[in-house]
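Participant: For reference, the chains in residue letters:
Protein chains: 2
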Amino acid sequence: MKRTFVERAGDMIGKEIRLVGWVFRYRALAKTVFIVLRDCTGTVQIVASPEQVASLGIKLDDVVDIRGRVRAEPRSKSGFEIDLMEAIITNASSHDLPFNSSSDISQVGIEVVLDHRPLSIRTDSVQEIFQVQASILEGFRSYLRKNRFTEIVTSKIVASGTEGGTNLFQIKYFERTAYLAQSPQFYKEHGVAAFERVFETAHVYRAEPHATSRHLTEYYSLDLEMGFIDGPEDVMTLERNLLSEIFEDLNKRFGDSIKKRSGDFLPDMTKTPTWEFAECMERLKKSFGRTDLVDDLDPQGERQLCEIAQKEFGNPSVFVIGFPLNARPFYTHPRGDKGAAQSFDLLFRGLEITTGGQRLHTRAALEQALRAKGMDPKAFEGHLRMFDLGMPPHGGLAIGLERLTGQVLGLTNVREATMYPRDRNRVEP
Amino acid sequence: MKRTFVERAGDMIGKEIRLVGWVFRYRALAKTVFIVLRDCTGTVQIVASPEQVASLGIKLDDVVDIRGRVRAEPRSKSGFEIDLMEAIITNASSHDLPFNSSSDISQVGIEVVLDHRPLSIRTDSVQEIFQVQASILEGFRSYLRKNRFTEIVTSKIVASGTEGGTNLFQIKYFERTAYLAQSPQFYKEHGVAAFERVFETAHVYRAEPHATSRHLTEYYSLDLEMGFIDGPEDVMTLERNLLSEIFEDLNKRFGDSIKKRSGDFLPDMTKTPTWEFAECMERLKKSFGRTDLVDDLDPQGERQLCEIAQKEFGNPSVFVIGFPLNARPFYTHPRGDKGAAQSFDLLFRGLEITTGGQRLHTRAALEQALRAKGMDPKAFEGHLRMFDLGMPPHGGLAIGLERLTGQVLGLTNVREATMYPRDRNRVEP
Numbered sequence: 001m002k003r004t005f006v007e008r009a010g011d012m013i014g015k016e017i018r019l020v021g022w023v024f025r026y027r028a029l030a031k032t033v034f035i036v037l038r039d040c041t042g043t044v045q046i047v048a049s050p051e052q053v054a055s056l057g058i059k060l061d062d063v064v065d066i067r068g069r070v071r072a073e074p075r076s077k078s079g080f081e082i083d084l085m086e087a088i089i090t091n092a093s094s095h096d097l098p099f100n101s102s103s104d105i106s107q108v109g110i111e112v113v114l115d116h117r118p119l120s121i122r123t124d125s126v127q128e129i130f131q132v133q134a135s136i137l138e139g140f141r142s143y144l145r146k147n148r149f150t151e152i153v154t155s156k157i158v159a160s161g162t163e164g165g166t167n168l169f170q171i172k173y174f175e176r177t178a179y180l181a182q183s184p185q186f187y188k189e190h191g192v193a194a195f196e197r198v199f200e201t202a203h204v205y206r207a208e209p210h211a212t213s214r215h216l217t218e219y220y221s222l223d224l225e226m227g228f229i230d231g232p233e234d235v236m237t238l239e240r241n242l243l244s245e246i247f248e249d250l251n252k253r254f255g256d257s258i259k260k261r262s263g264d265f266l267p268d269m270t271k272t273p274t275w276e277f278a279e280c281m282e283r284l285k286k287s288f289g290r291t292d293l294v295d296d297l298d299p300q301g302e303r304q305l306c307e308i309a310q311k312e313f314g315n316p317s318v319f320v321i322g323f324p325l326n327a328r329p330f331y332t333h334p335r336g337d338k339g340a341a342q343s344f345d346l347l348f349r350g351l352e353i354t355t356g357g358q359r360l361h362t363r364a365a366l367e368q369a370l371r372a373k374g375m376d377p378k379a380f381e382g383h384l385r386m387f388d389l390g391m392p393p394h395g396g397l398a399i400g401l402e403r404l405t406g407q408v409l410g411l412t413n414v415r416e417a418t419m420y421p422r423d424r425n426r427v428e429p
Numbered sequence: 430m431k432r433t434f435v436e437r438a439g440d441m442i443g444k445e446i447r448l449v450g451w452v453f454r455y456r457a458l459a460k461t462v463f464i465v466l467r468d469c470t471g472t473v474q475i476v477a478s479p480e481q482v483a484s485l486g487i488k489l490d491d492v493v494d495i496r497g498r499v500r501a502e503p504r505s506k507s508g509f510e511i512d513l514m515e516a517i518i519t520n521a522s523s524h525d526l527p528f529n530s531s532s533d534i535s536q537v538g539i540e541v542v543l544d545h546r547p548l549s550i551r552t553d554s555v556q557e558i559f560q561v562q563a564s565i566l567e568g569f570r571s572y573l574r575k576n577r578f579t580e581i582v583t584s585k586i587v588a589s590g591t592e593g594g595t596n597l598f599q600i601k602y603f604e605r606t607a608y609l610a611q612s613p614q615f616y617k618e619h620g621v622a623a624f625e626r627v628f629e630t631a632h633v634y635r636a637e638p639h640a641t642s643r644h645l646t647e648y649y650s651l652d653l654e655m656g657f658i659d660g661p662e663d664v665m666t667l668e669r670n671l672l673s674e675i676f677e678d679l680n681k682r683f684g685d686s687i688k689k690r691s692g693d694f695l696p697d698m699t700k701t702p703t704w705e706f707a708e709c710m711e712r713l714k715k716s717f718g719r720t721d722l723v724d725d726l727d728p729q730g731e732r733q734l735c736e737i738a739q740k741e742f743g744n745p746s747v748f749v750i751g752f753p754l755n756a757r758p759f760y761t762h763p764r765g766d767k768g769a770a771q772s773f774d775l776l777f778r779g780l781e782i783t784t785g786g787q788r789l790h791t792r793a794a795l796e797q798a799l800r801a802k803g804m805d806p807k808a809f810e811g812h813l814r815m816f817d818l819g820m821p822p823h824g825g826l827a828i829g830l831e832r833l834t835g836q837v838l839g840l841t842n843v844r845e846a847t848m849y850p851r852d853r854n855r856v857e858p
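Going line by line, the protein sequences match chains A and B.
Heads up: the first sequence runs through residues 1 to 429, numbered per the working numbering.
Heads up: the second sequence runs through residues 430 to 858, numbered per the working numbering.
Please keep in mind that the hints were generated in silico from the structure rather than gathered at the bench.
A few of these clues could be false.
[To be verified] Derived DSSO-like pairs (lysine-lysine); straight-line CA-CA distance at most 27 Å:
| # | chain 1 | residue 1 | chain 2 | residue 2 |
| --- | --- | --- | --- | --- |
| 1 | A | Lys146 | B | Lys575 |
| 2 | B | Lys681 | A | Lys146 |
| 3 | B | Lys700 | A | Lys271 |
| 4 | A | Lys2 | B | Lys575 |
| 5 | A | Lys2 | B | Lys431 |
[To be verified] Quick list of the computed label-pair ranges, beta carbon to beta carbon:
| # | chain 1 | residue 1 | chain 2 | residue 2 | range |
| --- | --- | --- | --- | --- | --- |
| 6 | A | Ala327 | B | Asp693 | 50 to 58 Å |
| 7 | B | Ser505 | A | Arg8 | 47 to 55 Å |
| 8 | A | Met375 | B | His524 | 25 to 33 Å |
| 9 | A | Gly109 | B | Arg574 | 30 to 38 Å |
| 10 | A | Asp292 | B | His524 | 47 to 55 Å |
| 11 | A | Ala365 | B | Asp693 | 43 to 51 Å |
| 12 | A | Lys311 | B | Arg437 | 37 to 45 Å |
| 13 | A | Thr412 | B | His524 | 39 to 47 Å |
[As the list claims (entries may be wrong)] Listed below are several chain A residues computed to face chain B (Cβ distance under 8 Å; list not exhaustive):
| # | residue |
| --- | --- |
| 14 | Val63 |
| 15 | Pro118 |
| 16 | Phe130 |
| 17 | Glu151 |
| 18 | Lys156 |
| 19 | Ser183 |
| 20 | Tyr187 |
| 21 | Gln310 |
| 22 | Pro429 |
Quantities reported herein were computed from a predicted structural model and do not represent experimental measurements.
Virtual Cβ for every residue (Gly too), placed ideally from N, Cα, C.
Generate coordinates for the entire structure from the input sequences, incorporating the hints supplied.
Facilitator: In structure tokens, the structure reads:
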């Protein structure tokens, strides 16, 4: 007999059906046993007599294969229940699990959660994290496709780093050494020369020695790059619209839960203010007495700026533009002639979730910028050559998927939004 | 002035607009110069007088920024042309390019093509390869989402190989050695325990020392895994429907070109026959006199089976099922008790593009299978533990994106369908 998805069972009142799934709840009364079965489409209540299940020893998280008859039941939320006819335990869960799919996962340590990842995902609260993440991924790609971006797939095994070579993981590549890509930056710029507008969703790697709640050695980067821009504002406008569309969809599908977990629905990002870096320094000084920041923000500064934005605009997010050029990668386009860069960060709910900007687009400017940083243009010849092919003015951005997921749901550690996090101490499971 | 996309220019007859893009064609007559400009939405013809462009030295693949007036032109295919008002070369292409975007790329060696990837992609024939690839990616994900699969993101840095440890790339991971994942096999099985149905689209890595036209050291794998199957036939049925939907879309969007390049439109995969491995041996013996194959097919055998299928069914594709179990990974489910495996390959137009099958789903069976292969279950404890959490019967498959793209378009080398291919000799660009 072919299985019926739980979500279709209600269409089959009076009929005998086969259901397969996990035991999600189990309640045994004197005369009746209630089993809530879960599959990838939802949950359904099955009603049995104690005699029917006595010999089976059914327990939570067992894999079961059930035949039953669908009965209309006005008192049930779904409007029906299943009267059990036959149940088989296809594969029992262990008796020694540290938690189960009905547990309050906030009471379980993150290490235990990660060591039993699939079981944690069977809980509503963790499953939702990864459903939100999958929705972000889908939303990112679909918005960009609609806006004429082409998806590209670029290599993660590279001959050298994009920014000069620190924090790179080495690979033994046959007779030579290669590296794991820190960013698809060069490839997506090449992609602009090819397609004008490109995006890539893929892992990037940083040999980040510090295990903080914000850093992973392997994270998933939502990258885009676009040609023929008039300035970084074009990229920021695109991101406002992109995130607003994603957030609108998330509010629709997960809004109540997002509000409960993070304190509020997701904001309209088209209303996010843009502040110059110098203006941010002023604001931080005025509101928080800070005078210690020089060429970048720190985590506290990011939180404080979002606090100010929340107070002034009712929206805890800020685009910061015009970072000091000397602290930015060589390919960064200057903003005016006072040492500022056409680089921006997007801060959201107190955390940087995007870095973006306009890039240099002529070989001459890139060579000069390399030399100014004490680097040899010859070492970048493979990259520079692409600027001979007809490279338009361009810019782009990268969003950290785990960070964005975490900020959407108000998680405190980026690991909670990573199925299998990697840091200095963890390469398993 | 804001740029107008080429595809919108026709809506602005009589108006002045700004267009940005690349010079795709350039033809100078005595009294008129024709410039075909290309952006990410298409091409448009611009008409100028020789005087207007004399001082510019416009050439193919230059990046240009143009103001012009749109004029209805019934003789043009698009129904309009642009009368040039002003042109600026934003960034000139080099005078020393080995080919340009109008070249016949089949006359350019693959090494030169790869060294100038963006320029090659500006040619119609190469651009189409990656448009087809992006469509396959989109089609794979959208079909699976509709069918209740959840997208997952799993780590590519792993502590050991999924199949015992050959052909792994080593990573220097702080104080220890880690490896690049050869497959998300274990993670997607864990994903079944979590979500029931999962997919992942990501790179996988094989330290493949041989540089053949079919192999890469880094390729992009379209992976799926599904729970509660009754056998591998459920997975094959899903793949038939999945590929048929993708192929239908490709025939619609790229059909004429696919037919021209590969000899035919893409077939209806719901009609693909399934042959037992033993039956394949019989057919190869009968049709081609082959008696040399033992526990697997070889490239020639794959071509020959597709030839037979083409003759008998008018469809050059075959599912081969029931490979000898001893040549398959330890987690493979047996098919009956005569030493066959619930493993299948999908051959398409002469090449294996998918491997899939049903997996063992109990800890006891997995431990026994490991021992039978001389491996120690203790070394797989992190994986085996997931089978204590309630693992349903399950199976899945992996499609090589570059191979599928290549077979769809009739390409002869998988590198042509890889933006930045990696093999023993190539880690750049």
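Participant: Any of the earlier hints contradicted here, and which numbers?
Facilitator: 3, 5, 13, 19, 21
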